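Chains as they are written, first to last, in the working numbering: chain Y, 66 to 487; chain R, 66 to 487.
Do not rely on the hints blindly, as some may be mistaken.
No copy is singled out in the list; a pair is fine if it fits within one copy or between any two copies.
Claimed, not checked - Derived DSSO-like pairs (lysine-lysine); straight-line CA-CA distance at most 30 Å: (1) K435 <-> K387; (2) K289 <-> K222; (3) K163 <-> K435; (4) K203 <-> K470; (5) K268 <-> K203; (6) K387 <-> K222; (7) K387 <-> K470; (8) K222 <-> K268; (9) K268 <-> K470.
For the record, the hints were derived by calculation from the structure and aren't laboratory data.
Just so it is clear, the structure is predicted and the values come from calculations on it, not from any experiment.
There are 2 protein chains.
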Amino acid sequence: MYGRTTLRILSSRATFHYRSVERFYCAARPGPHYCRGPAMTCPKETSYAVLGCRETYFWHSHGFHDFRYQAYEDRTSVIEEPLDPFSLVSDELSAIAKRLRLMVVAEVPKLALATECFFRMGAQGKSFRAAVLLLMSKALPMPLPQMTADGVFICLKELDARHKCIAETAEMIYVAGRLHDNVLDDAETNCVMGSLNSVMGNKLSVLAGDFLLSRAFVALANLKNTEVISLLAIVVEHLVSGETMQMTTSLEQRRSMEYYLQKTFYKTASLFANSCKAIAFLAGQTAEVELLAYNYGRNLGMAYQLIDDVLDFTGSSSSLGKGSLSDINKNIVTAPILFAMEEYPQLREVVDRGFGNRSDVELALDYLHKSRGLDRTRELAAEYADEAVKAIEALPQSDDEDVIKSRRALVNLTGRVITGTK
Amino acid sequence: MYGRTTLRILSSRATFHYRSVERFYCAARPGPHYCRGPAMTCPKETSYAVLGCRETYFWHSHGFHDFRYQAYEDRTSVIEEPLDPFSLVSDELSAIAKRLRLMVVAEVPKLALATECFFRMGAQGKSFRAAVLLLMSKALPMPLPQMTADGVFICLKELDARHKCIAETAEMIYVAGRLHDNVLDDAETNCVMGSLNSVMGNKLSVLAGDFLLSRAFVALANLKNTEVISLLAIVVEHLVSGETMQMTTSLEQRRSMEYYLQKTFYKTASLFANSCKAIAFLAGQTAEVELLAYNYGRNLGMAYQLIDDVLDFTGSSSSLGKGSLSDINKNIVTAPILFAMEEYPQLREVVDRGFGNRSDVELALDYLHKSRGLDRTRELAAEYADEAVKAIEALPQSDDEDVIKSRRALVNLTGRVITGTK
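Only chain Y is shown next, with the shape it has when bound in the complex (with noise of 0.2 Å):
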C-alpha cells in the first residue's frame, strides 16, 4: 500500500547498512505451537530482508520502523501540530479515572487504598493501555448498526459507554494481574506496587486484585455481550499461563526464545490484543477489521514488552543507562540474553546456573553489553512495532477527520513504545 512511499524514503537514507535481519526469525520466530491466540501473526521475513542497519543506529532512530511511521505521518491530511495521542483521550481517560474510582471507593471503603495504587500506576503509565482502545474506539471504520440480545439498537453514543467500559476493564485486569504479580514475588520497595504492598501487606494486595477482577467481570456483564466477556476472561487465563511460564521453566524452555515470546504474549500482548478485538467486536465491525485491530493490540503488545525488556537493562533516558536489573536478579531470561546467547554460547552455563550469586549476574552482563543482544531486542520490537502500523494502515480507508487522526495517533504510540517513551 505505501511500498513506494517507503521505499523513496529509505533510499534518501545512504548512511543504512542493507544486512538482513532475517536472522532475528531464526531464533524467534513465533511457531504455530505458541500462536495460540486467535490468529496471530508474526512480523513477515521477506518484507525486510534487504534491511538493514548499524549496531548504534536503533536505540536513536528505531531503524524501518521509522519510515513506516514517518510514511504513515506524511501521508495525513493532518500534520500540522505535533500528536500527542494522550491529549485526544483526555477527556476520556479522567472520566474512566474517576467512575473507577468511585466503583471501588463506594463499594468497600477497606479496599480504598487499593484504588489509590490503582490511581498512581495510571498516573504513572498515563493509563496506557486504556488511551489504546479509547483510540483504536475512534479509529474504527463507522459502525454498522447494533442490537442487544434484548433486541434494542445501540446508538453511537451508547457505543461510547460502551467501548469506555472495556477500557475500564482492561485497565482493572491489568492492575489486578500487577497487583497478584507482586504478592507473587515478594515485591521489591523501590516500584509503586511494591512500596503499597509494604504499606498494606500482601493480604489485601491479593483481595484488591481479585475484587477489581470481579468488578471487571460485572462491569463486561452488564454489556450484555458474551463473546466480549470470553475475550476478557481468556486476557485473565493468559496472565496466570504467563506467570505460570514464567516462574516454572526448565533449563531448555529458559534457553528458548519461542518460549519466552509465547510467555510475553501470554503476559503482555494478550490483553492488549483481546481488548482491542472486543472493541472492534462491540462496533459490530467486519471479521478483516476485528483481525486487524487484535493484531494492532497483540505487535503493540509484544513491542511494549520487549522495549520494558531492555530498559529493565539500561533504563531509561532519565536514569543514566542503568537500568534495575529486576528481571536478571528475579532469574527471570528475556530476549536481550537470549540474543546475547546465540553469539556467546559460553553464556549459556551461566544462564544455566541460574543467576544464584553477583559475579554471575555480572558476567552475564558483560556477555550481554559485548553482544548485539540489546540492539537486536530494539530491531525485534521495531518489527513488532512495524505490523502494528501495517495493520492500522489496513483499516478501510476513511475521510472522517477524527477517524484519521486517531489512526496516527495510534501509529505515534507504536513510535513512543519503541523509544520508551510510552
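Fit chain R to the given chain Y structure using the hints.
Chain R alone, transformed into the frame defined by chain Y:
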C-alpha cells in the same frame, strides 16, 4: 402450609421448654443495611416466639428444625429408604470432577498440582456446593421452553449441561477463594489447603486461584447468559468483601452480630444463594421460584457457616470434642463468642485485646463454655436451616417422583448441615 403437621409434632414432645428465642434477633437480626444481596430474607421472629429448648437439647436433635424436617419427610411419598443426597447426583459429581481435572491439566500442566488440591477438597467436602446445585436443578418445576440469545431453543439435555456448568463454576470459584484465603492467612499445615500451600508455595496457589477464576468466567461466558455471569461475578465480589470485612474490623464491628452475619453472608452464603438463583434463572423459572432458590441457598449457607464456627470450637464427633480453634487463634470473632459476650459482658475486654496471648484465649474459652454461646449459635443455624426448608416447601407442587426426591434431598442436606455431617 405445614403449620398443622408441625404443631402436632411439637405438642407431642412435652420435654421442651417454651421460652422465647426472640432475643436471638436483638443481636442477630439481619438488618437492611447488610441485606445487600437481592431479596435477602431472614428467619421470622414471630413464628418461633413460643419455641424454646433446653441447653443440652440442640446439638442432638436440633430443635424445631428437626420437626419441620421430619414433617417434610412424613408428607412425602417416597420415604421407604434412608436418603443420601449425594448418591442421587453421584454420577454427575463424578463427571464434573473428571471434566474439571481435564480442563485444568490439559491447558497448563504446571497447575496440575493445584488441581490435585481441587480434587482432594472435593473428596473431603463431597463437592457440597456442586451437589446442592445439581439437586436444585432436579428439584425445580418443569422448566419453560428456553431460547439462547441467538434464538436457539434449549432442550432439556442442554439445560442439564448448562446446570452442570453452574455447579462446576461454583466449585471452581469456591476453591479459588480457598486458595487465595490460604495464601493470605499463612495457612496452617493441618488443613488440606495449608499442606498444599506448603508443597507448592504461595505463588502457585495464587496463580491456581486466578486460573480457576478465569476458567470459571470462560465457562460462564460460553453459556451466553449475561445475567448468570453477573450473579457469579457478584459472588466473587462478595467473597472479597467478606474476607476484607473479616481482616479489617474496628473494635465496634468485632462486637457486632450484625457485622458478623453480613460477613458470613458474603463469605459463605452468597455463593450458595446466587448460584441457586442462577440454576433457576437458566431454567426459565418465574421470579418467585428464583427467589425461593436464592432463599434456600442463602439460608443453607448461613446455617452451614454458623455450624462451621461451632465446630471450630467443638470439633466434629470424631475429634473428641476438641476443635481446631483456628478462628480464635487468628483473632476472628464468631457467633459463639458473640453470644457468650451477651451473657458475660466482661468477655468483651478479652475480645477487645485481640487474643494475642494464650491466657486470653483460655479465658475466652472458659466464658464460652459456661455460657449458652455454642447452643445459641446452633439454634440460630437451625432457624436458618428451617427457613431453607420453608423455601423448598414453597416451591410449586409437583407429582414428579424425581422432583419430590430431589426436594427431600435438599431438605435432608439442611439436616446434615445442622448435625455437621455434611
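Against the structure, the hints:
no.	hint	result
1	K435 <-> K387	within (16 Å within a copy, 67 Å between copies)
2	K289 <-> K222	both (17 Å within a copy, 25 Å between copies)
3	K163 <-> K435	neither (48 Å within a copy, 53 Å between copies)
4	K203 <-> K470	within (9 Å within a copy, 57 Å between copies)
5	K268 <-> K203	neither (39 Å within a copy, 39 Å between copies)
6	K387 <-> K222	neither (47 Å within a copy, 62 Å between copies)
7	K387 <-> K470	neither (36 Å within a copy, 71 Å between copies)
8	K222 <-> K268	neither (40 Å within a copy, 43 Å between copies)
9	K268 <-> K470	neither (44 Å within a copy, 44 Å between copies)
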